[in-house]
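Chain residues, written in single-letter form:
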Amino acid sequence: MLRFVALRLARALATVIAVMTFAFVVLRLSGDPAQVMLGPDVPQEAVEAFRRSWGLDAPLWQQYLAYLGAIFRGDFGVSMRDHSPALALVLERVPATLQLTIPALILKLGLGIPAGVYAALHRDSLIDRGVILLAVAGFTIPSFVLGLVLVLIFAVTLGVLPSGGSGTWVHGILPTLTISIGGIGVLARFSRSAMIEVMGQPYIRTAAAKGVKWRNVVRGHALPNAAVPIVTLVGFMVGSLIAGAVVVETIFSWPGIGRLLIVSVSNRDLAVVQCILLLIAAVMVVSNLVVDLLYGALDPRLRAQPTT
Amino acid sequence: MDRLVEIRDLRVAFDGVPVLHGIDLDVAPGEALGLVGESGCGKSVTWLAALGLLPAKARVTGSVRLGAGELVGAPREALETVRGKRIAMIFQDPSSALNPVIRVGRQICEALRLHRDLRGAAAKAEAIRLMEMVGIPDAPRRFDLYTHEFSGGQCQRLMIAMALAGRPDLLIADEPTTALDATIQAQILELLARLRRETGMATVFISHDLGAVAQICERVCVMYAGRIVEAGPVERLFAHPRHPYTRGLFDAIPQMTGPRRRLVPIPGTVPDPRALPPGCAFAPRCTRAHDACSRARPDLLAQPDGRTLACAYPVPEARADSFSMERAMT
Numbered sequence: 001m002l003r004f005v006a007l008r009l010a011r012a013l014a015t016v017i018a019v020m021t022f023a024f025v026v027l028r029l030s031g032d033p034a035q036v037m038l039g040p041d042v043p044q045e046a047v048e049a050f051r052r053s054w055g056l057d058a059p060l061w062q063q064y065l066a067y068l069g070a071i072f073r074g075d076f077g078v079s080m081r082d083h084s085p086a087l088a089l090v091l092e093r094v095p096a097t098l099q100l101t102i103p104a105l106i107l108k109l110g111l112g113i114p115a116g117v118y119a120a121l122h123r124d125s126l127i128d129r130g131v132i133l134l135a136v137a138g139f140t141i142p143s144f145v146l147g148l149v150l151v152l153i154f155a156v157t158l159g160v161l162p163s164g165g166s167g168t169w170v171h172g173i174l175p176t177l178t179i180s181i182g183g184i185g186v187l188a189r190f191s192r193s194a195m196i197e198v199m200g201q202p203y204i205r206t207a208a209a210k211g212v213k214w215r216n217v218v219r220g221h222a223l224p225n226a227a228v229p230i231v232t233l234v235g236f237m238v239g240s241l242i243a244g245a246v247v248v249e250t251i252f253s254w255p256g257i258g259r260l261l262i263v264s265v266s267n268r269d270l271a272v273v274q275c276i277l278l279l280i281a282a283v284m285v286v287s288n289l290v291v292d293l294l295y296g297a298l299d300p301r302l303r304a305q306p307t308t
Numbered sequence: 001m002d003r004l005v006e007i008r009d010l011r012v013a014f015d016g017v018p019v020l021h022g023i024d025l026d027v028a029p030g031e032a033l034g035l036v037g038e039s040g041c042g043k044s045v046t047w048l049a050a051l052g053l054l055p056a057k058a059r060v061t062g063s064v065r066l067g068a069g070e071l072v073g074a075p076r077e078a079l080e081t082v083r084g085k086r087i088a089m090i091f092q093d094p095s096s097a098l099n100p101v102i103r104v105g106r107q108i109c110e111a112l113r114l115h116r117d118l119r120g121a122a123a124k125a126e127a128i129r130l131m132e133m134v135g136i137p138d139a140p141r142r143f144d145l146y147t148h149e150f151s152g153g154q155c156q157r158l159m160i161a162m163a164l165a166g167r168p169d170l171l172i173a174d175e176p177t178t179a180l181d182a183t184i185q186a187q188i189l190e191l192l193a194r195l196r197r198e199t200g201m202a203t204v205f206i207s208h209d210l211g212a213v214a215q216i217c218e219r220v221c222v223m224y225a226g227r228i229v230e231a232g233p234v235e236r237l238f239a240h241p242r243h244p245y246t247r248g249l250f251d252a253i254p255q256m257t258g259p260r261r262r263l264v265p266i267p268g269t270v271p272d273p274r275a276l277p278p279g280c281a282f283a284p285r286c287t288r289a290h291d292a293c294s295r296a297r298p299d300l301l302a303q304p305d306g307r308t309l310a311c312a313y314p315v316p317e318a319r320a321d322s323f324s325m326e327r328a329m330t
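Which chain is which? The protein sequence lines are F and B, in order. Position 140 of the first sequence, counted from 1, bears residue number 140 in full-length UniProt numbering, the numbering being contiguous throughout. Position 99 of the second sequence, counted from 1, bears residue number 99 in full-length UniProt numbering, the numbering being contiguous throughout.
No lab work stands behind these hints: they were computed from the structure. Beta carbons are placed, not taken as given, at the ideal position from N, Cα and C, and that holds for glycine.
Computed, partial: chain B to chain F, Cβ under 8 Å:
#1 E80
#2 T81
#3 G84
#4 K85
#5 F91
#6 D93
#7 A97
#8 N99
#9 P100
#10 V101
#11 L114
#12 H115
#13 Y146
Each computed DSSO-like pair below joins lysine-lysine, with the alpha-carbon atoms no more than 27 Å apart:
#14 F:K213 <-> B:K57
#15 B:K85 <-> F:K213
#16 B:K85 <-> B:K124
This is chain F alone, in the form it adopts within the complex (with noise of 0.2 Å):
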């Protein structure tokens, strides 16, 4: 067990690495910061003094180590726009991103597992139907799409509700729908898939054949087995709190990391986009680290020989 979190922490720890270091390479070879930053008709002095004092004009090696060495310290680097340190620029706008994230995930869970296994257990009848028509509908809509109907209905047509900005949580609403919508279609149409599969399962009769009542052999036998390819969703999901609001953060002007991210890569602003990048990498993989110790916990036969 020790072995296997282990190696599973130094999966996770390389993962890291590799996405800072792409993001490093890919940013630096995209665009000049100088050029960005100072605007196109500087002195060619200027631009050489602004990349001497960010360190630009080192090899790309000796950026890359020193960068690494720099994150190892705790030290995530100054944006170039305005010298406060990029992390606690980053940090700063979580909350406001998780303000829509939390919510959408929490209804994400709360409708489409409920939905799907409502549907499974009343496989064909006129809700089945309904839930899989829905649950299409929600996950093919692109949220910027989506997220525009819903501005044109409640914002302008209606008048309900704000179409944009924050402040208040009336402002959050839209976005939120936004997130979650698809989120739901696709939850529900996995939970629904896994329970049927696990309701035709011999188990669930013998469970029913023993005078288990209905509702327990649902609870008690069914919904653990279905767990197992349900929680490797909301793991995703849970990863993608952080990354999931770029679009809709923009559609919305939501002061989130979303919309901070858009900014800073237009601006080169390496150290705070790297600093992002970095951010949602972590969370992603803390997030699929914790579904692969829950595996473990769900379904005693992936505890033996842990998945590689």
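Once you have looked at the hints, place chain B on chain F.
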């Protein structure tokens, strides 16, 4: 005859396709009854229908009486008090018939709580006793293990322990040894026979293995295409099979004693339930069939020797002398 279960004209149809065409069957208290036939002949469906365990799309008509109660069409709550408590059922492929994510001890305890209101330490002690009774070695330690930590044969023992937990009047064993290898099969059969002696519960043994049926049953029903074609005491049927289908089942068993003999398979396959022949369902495969057989279906009639038989041109008794009980046992 004193009757525990009385099945009358039980019919089952899936999506409008009849698969069970009116079964009449009685089970006496404490008796061991064998149900024999090829896959799909309706052996298991009969009892799944009786307990209301078929999927919702199955249409079940007729009557299954257990004591004073009628099971066909009974509300789910009523059936839930019968299942496991009055009639328990075990299945083939025991490894997948037990829940993989619940400790086996807890699965047995669940039955004890439902049917005997045992909880906590009392339930655990009784579960361990049952596990020992069905021959699980080192039961106290293995109480907390999961299904995948047991072999197939041990899983079937656990299934049996779970079935015994409710002290049922009737145990339906649905091909309990089909998925197991030969030596384990013999052990499980022996266990079932012993438990019946010790507990006095009736057993319905569903199988396509005639030898296994001979070993533990007193009475046997041979089913073909959703009907009973021959039934009677096990010695009589096995010594003198009279329905050509029963006879065919014996001819297809290898013989351990006597001269080497070519096995005679039954030609053809089981008919599709959507396109049953108009007369006797076995006629197209039957070597004794006359023209009349494909026009009129023979009724299941009581014979002077105590068996019931549905055949217009049965195997004459004199010709069947060479079939011995011993052969069926091999």
